[in-house]
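Let the hints inform the model, and build the full structure from the sequences given.
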Amino acid sequence: MSRKPIKKNSLRGPRKSIFADKQVRIIIFICLILVALYLATVTSIVVLGYLGNDTPRTLQEQELTLAQTEYEKGEAGPENIKDYAVALAKTGQGRRAHQILDAGDKANIEDPERQWLLLGRAQVYLIQSNYKNALQQVDKLQKALAAQYKKDIEQQKGTGNPTYLTAEGGRGDNYFTALTVKAEAYEGLKDYKNALKAINEYLSFNPTAADMLEWRGDILFKTGDNTGALESYKEAKKYNPGVSELEKKISKLSTQGQNGK
Amino acid sequence: MENSAMKQIKVKETDIPGADIQVEHEYHSPTARRIATVILVFLILLLLIATLFLLRMMKPQGTIASGDAANGVIWVRSIYSTGPDKGNQLVSPAAVAFLPNGNIAVPIVTENQANVVEFTNTGQYVKWWGGPDNTDYRLKYPTGIAVGNDGSQYFIEGPNDKIVSLTSNGKEGRWLQRMEGPSSVASRNNRVVVGGSGGFALFDISGKLLYQKGAQGKGDGDFDMVGGVTLDDQNNIYVVDTYNNRISKYREDGTRVWIVKTGNPGNAAPTGKAPAGEVKSDAPANLQTPNNCVIDGSGRLVVVDPLDFSLSVFNTENGSFIGKYGTFGTEDGKFSYPTSVSYDPATDTFAVADTGNNRIQIIRLPGSGGSSIVKKLLRSLSGPVRACCFPLLLLIILAVIYGFTKFRTKRDVKVEHLEEDDGPAQEEKPSLGRGRKK
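Which chain is which? The protein sequence lines are A and B, in order.
Each residue of the first sequence is one higher than the last, beginning at 0 in numbering that gives the first Met the number 0.
Each residue of the second sequence is one higher than the last, beginning at 0 in numbering that gives the first Met the number 0.
No wet-lab data here; the hints were simulated from the structure.
All values reported here derive from a predicted model rather than from experimental measurement.
Keep in mind that a hint or two might mislead.
Taking beta-carbon pairs under 8 Å as the criterion, some of the chain A residues facing chain B (in silico) [as the list claims (entries may be wrong)]:
no.	residue
1	23
2	29
3	33
4	49
5	54
6	60
7	171
8	193
9	195
10	250
Lysine-lysine pairs mimicking PhoX-like chemistry, simulated, CA-CA at most 20 Å apart [as the list claims (entries may be wrong)]:
no.	chain 1	residue 1	chain 2	residue 2
11	A	192	A	131
12	B	323	A	72
13	B	405	A	21
14	A	105	A	72
15	B	161	B	139
16	A	247	B	323
17	A	139	A	196
18	A	131	A	196
19	A	21	B	409
20	A	189	A	221
21	B	126	B	161
22	A	105	A	139
Part of the chain A face toward chain B, derived, beta carbon under 10 Å [claimed, not checked]:
no.	residue
23	39
24	41
25	44
26	47
27	50
28	52
29	63
30	94
31	97
32	98
33	202
34	234
35	239
Cβ atoms here follow ideal geometry from the backbone N, Cα and C, with glycine treated the same way.
See below:
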């Protein structure tokens, strides 16, 4: 009968590798399995197009792609810079948004009183829920717009009746966007009085803006003015019928009103 | 050092009585075990962080309406463009259809001609086609698209009073038919149904007209713009009469099974006094202008309404209203004048041409995929969960390799024991072949 010799790794054998321990081998094996599974998952995600697919999936991603493409063409005007910064902020890249606006500020861009960049910065702050800074930027913008408006009136005096300036008070899109930013910032600060003031100013120029009427209804509801809110919702529905969300709000307030009576 | 090494060695088994002692040692190193455990814990933490980072990267950026805000619509993704430039954006897509491979076809009308653009269901642009050039089959103004089970494509061109059938690759024409004001098209099994301003027509897949039904009007059996048609597995035909605001079901032979009111005709006020949009109907669905329709995985009829910004679901047995999903808005998950809907049973998803928002939305509706466990499993595997299929496969392969190795080791030990039992003479014998040599 042949017999196995006593193994060399006996009491005084040479020092062994750590892999000689079975338990260590098991742990290392588990580590390798985990890494392999993770790599397989990542590969799978990429292969199936859930990652590494740069096609926009949402409206915000779409806006970012478009703004970025325009910006990277190197012909970006102040409005493009604003759009790009806002799109970045909406997709959670606030720091980059400010960098873009800073670069815009430094560049010699033909933009009267830096209106677009001020608006862009206000919007970025608003997206970041930094309401006070947003309001500061809106104030600067409104002053710049007022100065521009005054300048335009002066320029037009010699050329006859400045008819285009009388339409909507001579105010451009920036003016109205600034008002919405202002209203949203005040709403964020729970200063509903000033938020309503901004919305009403907007509505004084655009009384059929259904979304603004609905918004006014929302704020009035928050202040406890249910009658005012209901009226505002009904007014909004006139210009934007068939919206189930609006109908739900009207029905809720109407029911509350009837129960109150 | 020797003392330490001694502690690391443990006698596990003492065997074989007699002169020689066979001792099997198990090497035991506490330090190595500690290091390995730390590595394992560190690795698990690292992988968890990497997973969170991965999930963050996969998460769509932006505001997505869900739950009550989307009125029950479960958003999957939106498709906006074929590329990053302004010129690549979808503009008011009015028709959409799933292809047999799960990709999505969207006709896009340009100045002089139209092309059909194909996207994967993850939104990647694949290719485009438009029928053979310089022939009557070349698409010019497609207002509707349907894809048959064999991949054959059917287009209606409302302004040109034309129905065009193309091969599955879209490069060759199959057949062409003329019909006044075709407004909707659908295909299933071996039938093609086309809706028009005053009824619908049934064709076989070779383009042969089987029959035409209806006349334009308000009466029972009349139609006022068939905005949607579809077929079920039994070739029953479902007809959406847009301006009469009703839907009906017909057997393949043309006999009507049921007809239900879905709202007020043409959204007209019954008294003539209520302003537009203020009209309420006693029909439970209360639709405005029901349009395109499709049968879902549960065999329900899903109707899209551009002016109600919704998808309504009906029972195909009796036309009863089941529920309504969707609301107006620009956020993903909401609609602005949706005009067309298609259903992919493999992924249990709907593709909706969200015309006013210049996009195609891929969505899900509650209960659309059926309630069986197999269907639920297939549905979950059709989403990002299927990314786990590869790792699962890898795990199975590793388990098989491990099992096989174990099996071989056991067999080798057996062979070794047999060799030992046979005595020294056996040592001279050649190996058994598959056994491992020592």
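Status of each hint after checking the structure:
1. 23: Holds. Min distance 5 Å.
2. 29: 6 Å, holds
3. 33: Given a least distance of 6 Å, the restraint on residue 33 (chain A) holds.
4. 49: Cβ of residue 49 (chain A) sits 5 Å from chain B, so the hint holds.
5. 54: Nearest chain B Cβ about 4 Å off; hint holds.
6. 60: At 5 Å from the nearest chain B Cβ, residue 60 (chain A) passes the 8 Å test, so the hint holds.
7. 171: The hint is violated - residue 171 (chain A) has no Cβ within 8 Å of chain B, the shortest such distance being about 22 Å.
8. 193: Status violated, d = 25 Å.
9. 195: Given a least distance of 23 Å, the restraint on residue 195 (chain A) is violated.
10. 250: 11 Å, violated
11. A:192 x A:131: This hinted pair holds, its Cα atoms lying about 16 Å apart.
12. B:323 x A:72: The given pair, whose Cα atoms are some 45 Å apart, is violated under the 20 Å limit.
13. B:405 x A:21: Roughly 15 Å separates the two Cα atoms, so the pair holds.
14. A:105 x A:72: 18 Å, holds
15. B:161 x B:139: 10 Å, holds
16. A:247 x B:323: 14 Å, holds
17. A:139 x A:196: 18 Å, holds
18. A:131 x A:196: 17 Å, holds
19. A:21 x B:409: 17 Å, holds
20. A:189 x A:221: Holds, because 10 Å separates the two Cα atoms, which is no more than 20 Å.
21. B:126 x B:161: 24 Å, violated
22. A:105 x A:139: 18 Å, holds
23. 39: 4 Å, holds
24. 41: 7 Å, holds
25. 44: 5 Å, holds
26. 47: For residue 47 (chain A), the interface hint holds, since the closest Cβ of chain B sits about 5 Å away, which is under 10 Å.
27. 50: 6 Å, holds
28. 52: 6 Å, holds
29. 63: Holds - the Cβ of residue 63 (chain A) comes within 10 Å of chain B, reaching about 8 Å at its closest.
30. 94: 15 Å, violated
31. 97: This interface hint is violated because 18 Å lies over the 10 Å limit.
32. 98: Hint violated; residue 98 (chain A) Cβ to chain B Cβ min 18 Å, cut 10 Å.
33. 202: 20 Å, violated
34. 234: For residue 234 (chain A), the interface hint is violated, since the closest Cβ of chain B sits about 13 Å away, which is over 10 Å.
35. 239: 8 Å, holds
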